[in-house]
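Protein chains in written order, with our numbering: chain A, -10 to 194; chain B, 1159 to 1694; chain C, 191 to 284.
Since the hints were derived computationally from the structure, they do not count as laboratory data.
Since the structure is predicted, the reported quantities are computational estimates derived from the model, not experimental observations.
Here a beta-carbon is modelled for each residue, glycine too, at the ideal position from N, C-alpha and C.
Please note that the accuracy of each hint is not assured.
Chain B is faced by these chain A residues, among others (derived, beta-carbon under 10 Å) [to be verified]:
1) A5
2) L12
3) L18
4) V27
5) I30
6) Y111
7) S114
8) D121
9) L125
10) F132
11) L137
Computed cross-link-like contacts, DSS-like style, restricted to lysine-lysine with a CA-CA straight-line distance of at most 30 Å [said to hold, decoys possible]:
12) C:K206 <-> A:K78
13) A:K155 <-> B:K1268
14) C:K253 <-> A:K78
15) B:K1510 <-> B:K1583
16) C:K253 <-> A:K74
17) B:K1274 <-> A:K155
18) B:K1268 <-> B:K1687
19) A:K159 <-> C:K253
20) B:K1274 <-> B:K1652
21) B:K1177 <-> A:K159
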Amino acid sequence: MSEKAIHVEEHRDDEASKLGMWLFIFTELLLFGGLFLVYSIFRAQYPTEFHQSSLELSVTIGAINTVVLLFSSMTVAMALTAIQKNDQKRALIFIGITLFCAAAFLFNKYFEWGHKIEHGLYPGSDLMPLLDRGHLLYFSLYFFMTGLHALHIIIGMTLLIVCYFKVKSKNINDHDYVLLENGALYWHLVDLIWIFLFPLMYLIS
Amino acid sequence: MSNSTEKIEYVSYLDYQGKYKGFLSWIMATDHKRIGLLYMYSIMTFFFIGAFFGLLMKIEMLSPGETIMKPQTYNGVFTLHGILMIFMVVIPGLSAVFGNFFLPILIGAKDVAFPKLNRFSWWIFIVGSIMAVASQLLKDGPPDTGWTFYAPYSSQTGTNVIMATAAAFVLGFSSILTGLNFIVTIHQMRAPGMRFFNMPLFPWALYATAWIQLLATPIIGITLLMLIAERMFQIGFFDPALGGDPLLFQHLFWIYSHPAVYVMMLPAMGVITEIIPTFCQRQIYGYKAVAISSLAIAGVGFLVWGHHMYTSGMSDQARWFFSLLTFIVAVPSAIKVFNWITTMYNGSIDVKPPFLYALAFIFLFIIGGTTGLLLGSVATNVQVHDTSFVVAHFHYIIFGGMGFAFFAAIHYWLPKMYGRMYNFKIANIALVINFIGFNLLYFPQFIIGVEGMPRRYFDYPAQFQPMQVISSIGGFILVAGLILMVFNLVKGAKSGPVAPSNPWNGSTLEWTLPATPSLENFDEEPVIKENPYDYK
Amino acid sequence: MANNTTHTIEYRTLSKILLVLLFLTFVTIGVTSFHLGPFTVTVALLIAGLKSFLVLSNFMHLKYESLLLRILVAMVFVLFVVIVLITFIDYAYR
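Sequences are here, hints too, so could you generate the full structure?
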């Protein structure tokens, strides 16, 4: 048995990895798409209730989170630019900023949720079943959609932490950066979803 | 293995020794061929478990009233039969087994684009399957919702719905990853010279299938998550008692589950499109029409889900719209049937078991397809909705179509998978038994369906008994035929005569390889033909 | 090197895009405080669409990707919109 016959050739195809990531993003978009569909149907049925409920949310916190996410989306794109320019130091700083923003977003979210939960507004609470249908559906969707989004933030953070250490150990470098590229793509997806979530949840009149 | 004359020493993928030995060399394998076989063994196991539960139902239906089980048991049995057969057998069926094994070979690649992801897909497929089986055994009792998990019953019943839906979610994830892998493989891994329009038609069908898997499955994923959340936190998406809308569940469910029917059927059509030119020794008629019709089915198939909901209280406008689209989606399917039949015309037909299975497929698929049109028009649908007519229709499509295509594929490719041949005579006998058993089992259900026998009912009035008995007898004949068929195949794979590398005189790439391919399939660059079916 | 086909986008360009995105965010918040009635949602969604277009084409480098990938991304969004519209054929007329 010759060496070549048994050794599976280690080949690298960055185009393939990137296409794979994009396809995964399509899946994620449609996962949230299902929720947006549910949202749009219930919103069409209960416009006033959705409006009243949305007033319970703080536009300020929502806006701050939007700015934080948009900013982090830029920094992660910059991290990629830095790696392409073989600037390891800056790349690390940019990933670091992105991770910090992600943590800030979750911190904000924690307080926002905490505030609601304090008022007894959470799925499974004693208060929720007393609400009428429109309000109940709004808050159910609010917790479900932002919760799923927060889960994606955590997944994105994990990916970026891996990227951080790989950049540090020079496993991601200006010759091989597809992993960071994919991590960044995933992070932009999280941003993309929030771009729709913010106006639909916080700004409906 | 004898023919080791190539420059690189040839080692069959079955004999190849990697890092792992024995059992681990299978479950840790990243070789697409081994993964294909792993899927095949697990799917065949689930198929026989599912068939066993199907048989139990048929025994129960032998006489009105309680025959061998209580009504609640019957509800659990048909639910388990549905979940097993749909999510664990027919959805992964052809694409995960033969897609994995033959997609890379047919496009001249060494493996799929992401071999480790491929292995991971199989692992989570197994995890999902274990969860599905566990849902039957946990203490609250087997789910009794049917495989459709319709709300509001599914959010109220006390049975293990959460476990079963979580299982379907995990299985869906496996399906998504397989689809993702195949799309990237087809885009990036084609051998030099292999363009989209000289690719064999099975990869074309898999490509269309993969897009459905990728884009439709997340919708069912989120729907099942919402159902789980509803049960756990009383959220109220679907349960009217909590402010939800049960019709919305049906919409979301069928947005996935109708395209899922094409996940089952498209690869089946692809297999038949491979088999017919080979055994007619004739160029496929209308190559481009067949290729494009796969994409057309996938595309339009996304938009017809409402035809499962005509009697649910949907608006009239939506009903005629979905009915119109349903008739449109039948066109590309019919194009394929015409092309298969025209390919046979004037060919030198070689009647071997795979070809006979393909013929059986076409016959059963035409019955299933045309009754599908009856169901697609609102007026007749309202009459036979939720009767055993529907049961007969989808079994003709899924079992008669996808199932027989699966058997055709095994008979066609077994010599390439194991390098050995089965006994033709027994295969033909098994086919005849299967065909008779199948029609006896399901055709009577069309008749009593029109007469008003509801589906999923434990009991029935005495007037339906003769047909129910014929149907049950058909079930026994079919299972006997299946056992004979599998016995013959296993015997052939284990100890049949050694097969030549191209037993059917096929022209696609897999037949240029040794009887069992080597680990990387192509030890030399494959020669890509301008026309994959260049007979005569 | 041959494997890296990704276009490098300068820091300046990225910061400019961010400024546009932030501007659009404040426009959305501003618009919803007016009472535009049923058009509020339309405007909010249009702006969100514009923002996502900017993120997709610049941050996600889609501008520099193959035509095929751009078509596929567009196809996914179109598919979703079509599914929503078809679902509303039921809900709007019930």
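Outcome of the hint check:
Restraint check, A:A5 versus chain B: the minimum CB separation of about 4 Å is within 10 Å; hint holds. The restraint placing A:L12 at the interface with chain B holds, with a minimum CB-CB distance near 5 Å, inside the 10 Å limit. Taken as an interface hint, A:L18 checks out: its beta carbon lies about 8 Å from the nearest beta carbon of chain B, inside 10 Å. For A:V27, the interface hint holds, the least distance from its beta-carbon to any beta-carbon of chain B being 7 Å, beneath 10 Å.
Annotation: interface hint on A:I30 holds; nearest CB of chain B at approximately 6 Å, less than 10 Å. Restraint check, A:Y111 versus chain B: the minimum CB separation of about 8 Å is within 10 Å; hint holds. Against a cut-off of 10 Å between C-beta atoms, the interface hint on A:S114 holds, since the closest Cβ of chain B lies about 9 Å away. Residue-level restraint check for A:D121 holds (minimum Cβ-Cβ distance to chain B is 8 Å; threshold 10 Å).
Given the 10 Å rule on beta carbons, the hint for A:L125 holds: about 5 Å separates it from the nearest Cβ of chain B. Annotation: A:F132 was flagged as interfacial toward chain B, and the flag holds, the nearest CB pair being 8 Å apart, inside 10 Å. Interface restraint check: A:L137 against chain B, minimum CB-CB distance 8 Å, threshold 10 Å, status holds. Using a Cα cut-off of 30 Å, the hinted pair C:K206 and A:K78 holds, with the two alpha carbons roughly 23 Å apart.
A threshold of 30 Å between alpha carbons decides the hint, and for A:K155 with B:K1268 the separation of about 29 Å falls inside it, so the pair holds. For the hint pairing C:K253 with A:K78, the CA-to-CA distance comes to about 27 Å; that is within 30 Å, so the pair holds. Using a Cα cut-off of 30 Å, the hinted pair B:K1510 and B:K1583 holds, with the two alpha carbons roughly 9 Å apart. Straight-line distance between C-alpha atoms of C:K253 and A:K74 comes to about 20 Å, which keeps the hinted pair within the 30 Å bound.
With a C-alpha separation of about 20 Å, the suggested pairing of B:K1274 with A:K155 holds against the 30 Å cut-off. A hinted pair counts as satisfied when its Cα atoms are at most 30 Å apart, and B:K1268 with B:K1687 qualifies at roughly 18 Å. The hinted pair formed by A:K159 and C:K253 meets the criterion: a straight-line CA distance of about 28 Å does not exceed 30 Å. For the given pair, B:K1274 sits about 28 Å from B:K1652 by alpha-carbon distance, which is consistent with the 30 Å threshold.
Taken as a hint, the B:K1177 and A:K159 pair is honoured in the structure, with Cα atoms around 28 Å apart against an allowance of 30 Å.
Of the numbered hints listed earlier, not one is contradicted by the structure.
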